[in-house]
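Visitor: Chain order of the listed sequences is D and U.
Residue numbers are given in this note's numbering: position 102 of the first sequence equals residue 102, and the series is strictly consecutive.
Residue numbers are given in this note's numbering: position 282 of the second sequence equals residue 1282, and the series is strictly consecutive.
In case anyone wonders, no lab produced these hints; they're calculated from the structure.
Any given hint could turn out to be false.
DSS-like mimics (lysine-lysine), calculated; alpha carbons at most 30 Å apart, straight line [unchecked claim]:
#	chain 1	residue 1	chain 2	residue 2
1	D	Lys122	U	Lys1138
2	U	Lys1263	D	Lys59
3	U	Lys1408	D	Lys46
4	U	Lys1138	D	Lys46
5	U	Lys1407	D	Lys59
6	D	Lys96	D	Lys34
7	U	Lys1046	U	Lys1320
8	U	Lys1407	D	Lys122
9	U	Lys1372	U	Lys1260
10	U	Lys1046	D	Lys113
11	D	Lys96	U	Lys1263
12	U	Lys1320	D	Lys46
13	D	Lys46	U	Lys1263
14	D	Lys119	U	Lys1372
15	D	Lys146	U	Lys1046
16	U	Lys1138	D	Lys113
17	D	Lys122	U	Lys1061
18	U	Lys1250	D	Lys46
19	U	Lys1046	D	Lys119
20	D	Lys46	D	Lys28
To give an idea of the chain U side of the interface with chain D (calculated C-beta under 8 Å), a few residues [to be verified]:
#	residue
21	His1039
22	Gly1040
23	Thr1041
24	Ala1045
25	Gly1049
26	Gly1097
27	Pro1099
28	Ile1100
29	Asp1101
30	Glu1391
Cβ coordinates follow ideal geometry from the N, Cα and C atoms, glycine included.
Next come the chains, spelled out residue by residue.
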Amino acid sequence: MKKPMLKLAAILVAASLSMGAFVAQAAKPFAKYKVVLQISDPNPFKQTLVLNVASNLVKHYGEDDVDVEIVAFGPGLRLLMDGNANGGRIDGLAQKGVRFSACANTIRNFGSKLGEDPKMDKHATVVPGGIVQIIELVQQGFILVKP
Amino acid sequence: MREIFKKTMLAASCAAALGGINTTVQAADWLSVQGTEEHGTAGRAKVWGFIQAQYQSDNSKPNGAGTYVPPKLIGPDLDSQEAFNVNRARIGVRGTGMPIDPNVNYFFLVEFGNNAITNPGNGFAKVTDASITLNHLKEYARVRAGQFKIPMAEEVYQGIALIDYVNFTDGVNQMLLERVPNRAYTGNVAPQPIGSTTSLNAFNQSIDAARDVGVQVFNTFNVAPGWEASYSVMVGNGNGINSSDNDNAKDYHLYFSTAKVFKGTGPRRQDWKTFAWYTNGDRHIDGNNDGVTEEYERKRYGVGSRYLKLPFRVAVEWIKAEGVIFQGPDKPSFGLLPPSIGNPNHPANGLNPNAEASQWSVDLGYYIPNTKWELDLRYADYTRMEDSIAEFDWTAITLGVQYHFNKKTRLTVNVTDRDVEATAFAAGAGPNANLDGIDKRYAVQLTHIF
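With the rest of the complex left out, here is chain U:
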């Protein structure tokens, strides 16, 4: 803990020193776009939000007993293979409460859609963001406090209304969108038939939505003509959007990026951005069903680069996870196989301190010139529980077409060809008995930002 604190302070001091290079700031990176308002122009309350209405169909086959595991079903409900859904419906306000003082701004957003944020507990709405930013020392550091996104992988840190695909990659979904562990030991749920009354989603709290409650010091600087650098140091509860801390342990989040700016400002800026991030914290989970929680270290880090200069987009990311590896919504205590139950250190248990996972992905986009059409292609290879008896290899290639009705409205069509296998087992054996038969997923989504 002390070591992390030292590293955090070192990063902060380096960043503050960097701040002296140039004090001109453009609100054109995600840190600034999400955490600050334009100086001197922000209104008292700008109402904004977005709606995503979608239809998804999964062609996967059931196992020999006619039952399904979660990857073969449509979330967040996991009780069907085809469904309409309003995945995201968010509305918020942002601005500066006292417009003549541009040094203070706020950001507030509520989720009304049906997803892993609202689905646990059947909540109809959940506050995802509520933060205040102080810009009094904007030449060096801005301070943001409250609940907001953790700077990390671009795929999840970007403004989510602008993501080019309907679904996240498997690695981001499983490693970075943390399912906050149930406090009490909760057993695995067996595969279920369509129409079962038993839910395959056994977590009882909201997904963390890549957010945390805490304090962040951050800023973005022009370091050379056309080049900018940004940093973020954050400490938070490590309990997602579940408001208060569930233990005394805190999470630490570091982020650094550089960008060559080509054109524009704001969320649609064309640039070449390279970034690295690191997050670390402890989780308290009853992994051995003895009624007492144990401490497990959760570590995530990654690097990536994204190039966007119309008509091309190229993005590559590598993400690594150590400890507290999610095993599926049907395994809320992170245990995979029966022998792991009662033994968190079992190689098949995601709580095993040696448990690791990683993903690399590449994303290509082509905006057909002088049309409203965009073509997308994404490949992701996610390895879960690396080098263990429970190693799973997830590969997915997604073809996408988007039609932009206007700058704020678009239709996204995706076809994802997936393959998931337990690498230590032959086809039809062990977990593969349930995983065999995973097939294409089709998704259509209409997005409107207002």
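So that you can see chain D by itself, here it is in the shape it has in the complex:
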């Protein structure tokens, strides 16, 4: 009795994860352009720059024709930490379909230094590895840009 229940739970979890992955990677399946923006730099001006680039892409091509994902890892993860001064801009871009991915490895690394894992912005999706996410998106046809 227990085994079938566990199997069912496993199937449901796998299905939900795969659905999540599907949603994350194909939010705009008919977009003409697919761009992944990398932020891994500690320079605070890069935070503004990467958001500007995303904003300009959406503005130029239109929300439906461009699929933009910002992947943050390393020191660049600060962009997606809860309470970041750019939170308003992140919210605005998310409403236009821009996705934000936060590296789980970096979160763990930050957590070991801070004593607890930092909270992430509500629009951030935690991915196993920032660099892995970029590689997989590139394999799917995304263009990698590192402003």
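Following the hints, put chain U in place on chain D, whose structure we already have.
Guide: Quick look at chain U alone, frame taken from chain D:
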């Protein structure tokens, strides 16, 4: 003291209660601009600073003996009527030592210019700001500890590199930029001729630079769409930037402001701000030359409002001082007339507990649209030692033109028409014998912020 403590705690609790209204904070008021960093974006160490190179010329005439009193000379040296000077040259770093923890930030600034901060003792540099801010409870209160600016009149509390005039108004200069009293009694200095070897600046410690060393609890909140409110409660040594306390007495500083935000963030934000502030503390000075210091209460408070929406700026301020009234750099024990020496309670002595002073001022600015030019006009009326035999009335109207080369570089040209008189005396009599002949002052200053 206990009463002040109660008031302080009451203000703090009210402010903390206010904090519950809305927790979104914009770093766009001076409390936040100077005391915090943008959450999550600040670097480990941002190097910044500014330089102000200036030339000033004073057209005042000497007294009948050919000697001058300080208002007729160019500070801080007070030995000339025209001078080039690097008035301010400051460099500092600010940021967050551990960028992944945005709850802690710091602010450090050093003055290398020649002014009343560095001039006493011929120091070549002086730390003006060194503080750490804890933002762990940023929804309610931030805590700043160290040496930093006291929240008070907008004219002096604003980022000083952005002040629209070369010189402060007389009231702010004399009431708020405290000359920390000499510990030992120091006699008055008589008017001096140009080229004298006797300095008219007899204070032996740095001006307080509107700063104190202590702890501050503060915050800014959005209270309604487009409206914010801020508060600050601070306790400090009351010894300016002279690092440690010189007595057991502490100063208490309260500040409250509201602002309607029009546009932008940061130091150049356009808004309509209204504020009130209060500061109180004791000073220990040997006012009667008996080798023992006595305690004198120093109280300052004021209100003001500033409207900035391009192309217009309008600002009005009222400032009041009670006790320990500065009488000039040539009177370091705050005594004005010979009878006051040895008698701090004499009506002519600034240490007199009843001694009062006040200033009201209005400042107008017009930023000529689609140009780099700005026009400024300021009027200030400062009354020192009100209703006493030693009452002085200082009026000054300043016309200014500024040319903004870019956002960080500007040229400021000022012409100030001044009048100072001892109201209890006829022209040429008493202190007026030295004050008559005070005339226009011309100033040109180039400011570059980096």
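Visitor: State for each hint whether it applies.
Guide: To see whether the hints hold, each was checked on the structure:
1. At most 30 Å may separate the alpha-carbon atoms for a hinted pair to count; D:Lys122 and U:Lys1138 meet this at roughly 19 Å.
2. For the hint linking U:Lys1263 to D:Lys59, the alpha-carbon distance of about 23 Å falls within 30 Å, and the restraint holds.
3. Pair hint U:Lys1408 plus D:Lys46 holds up; C-alpha atoms about 22 Å apart against a cutoff of 30 Å.
4. Only pairs whose Cα atoms come within 30 Å are accepted, and U:Lys1138 paired with D:Lys46 is accepted, the gap being roughly 25 Å.
5. Taking the CA atoms of U:Lys1407 and D:Lys59, the gap is about 28 Å. The hint holds against a cut of 30 Å.
6. This hinted pair checks out: D:Lys96 and D:Lys34 have alpha carbons roughly 14 Å apart, not beyond 30 Å.
7. Distance check on the hinted pair: U:Lys1046 and U:Lys1320 sit about 37 Å apart at the alpha-carbon level, beyond 30 Å; violated.
8. Under the criterion of a C-alpha separation no larger than 30 Å, the hint pairing U:Lys1407 with D:Lys122 is inconsistent with the structure, at around 36 Å.
9. Simply put, U:Lys1372 and U:Lys1260 have alpha-carbon atoms about 26 Å apart, close enough for the 30 Å limit, and the pair holds.
10. The hinted pair formed by U:Lys1046 and D:Lys113 meets the criterion: a straight-line CA distance of about 23 Å does not exceed 30 Å.
11. A threshold of 30 Å between alpha carbons decides the hint, and for D:Lys96 with U:Lys1263 the separation of about 24 Å falls inside it, so the pair holds.
12. The hinted pair formed by U:Lys1320 and D:Lys46 fails the criterion: a straight-line CA distance of about 47 Å is larger than 30 Å.
13. Straight-line distance between C-alpha atoms of D:Lys46 and U:Lys1263 comes to about 24 Å, which keeps the hinted pair within the 30 Å bound.
14. Among the hinted pairs, D:Lys119 with U:Lys1372 is inconsistent with the structure: their alpha-carbon atoms are about 45 Å apart, more than 30 Å.
15. Only pairs whose Cα atoms come within 30 Å are accepted, and D:Lys146 paired with U:Lys1046 is accepted, the gap being roughly 23 Å.
16. The straight-line distance between the Cα atoms of U:Lys1138 and D:Lys113 is roughly 21 Å, inside the 30 Å bound, and the hint therefore holds.
17. Simply put, D:Lys122 and U:Lys1061 have alpha-carbon atoms about 69 Å apart, too far for the 30 Å limit, and the pair is violated.
18. A distance of roughly 44 Å separates the Cα atoms of U:Lys1250 and D:Lys46; the hinted pair therefore is violated under the 30 Å criterion.
19. A C-alpha spacing of about 25 Å is found between U:Lys1046 and D:Lys119, which places the hinted pair at or below 30 Å, so the restraint holds.
20. For the given pair, D:Lys46 sits about 26 Å from D:Lys28 by alpha-carbon distance, which is consistent with the 30 Å threshold.
21. Annotation: interface hint on U:His1039 holds; nearest CB of chain D at approximately 5 Å, less than 8 Å.
22. Residue-level restraint check for U:Gly1040 holds (minimum Cβ-Cβ distance to chain D is 3 Å; threshold 8 Å).
23. A cut of 8 Å between beta carbons decides the hint on U:Thr1041: the least distance to chain D is about 4 Å, and the hint holds.
24. A least Cβ separation of about 11 Å between U:Ala1045 and chain D goes past the 8 Å threshold, and the interface hint is therefore violated.
25. At about 19 Å, the closest approach between the beta carbon of U:Gly1049 and any beta carbon in chain D exceeds 8 Å, and the interface hint on this residue is violated.
26. Violation of the interface hint for U:Gly1097 is found here, the shortest Cβ-Cβ separation to chain D being roughly 12 Å, above the 8 Å cut-off.
27. The beta carbon of U:Pro1099 is positioned within 8 Å of a beta carbon in chain D (closest approach about 6 Å), and the interface hint is therefore held.
28. Hint status for U:Ile1100 relative to chain D: holds, with the closest Cβ pair at about 5 Å, below 8 Å.
29. Interface restraint check: U:Asp1101 against chain D, minimum CB-CB distance 6 Å, threshold 8 Å, status holds.
30. Among the interface hints, the one on U:Glu1391 is violated; its C-beta lies about 51 Å from the nearest C-beta in chain D, farther than the 8 Å criterion.
Of the numbered hints listed earlier, those contradicted by the structure are 7, 8, 12, 14, 17, 18, 24, 25, 26 and 30.
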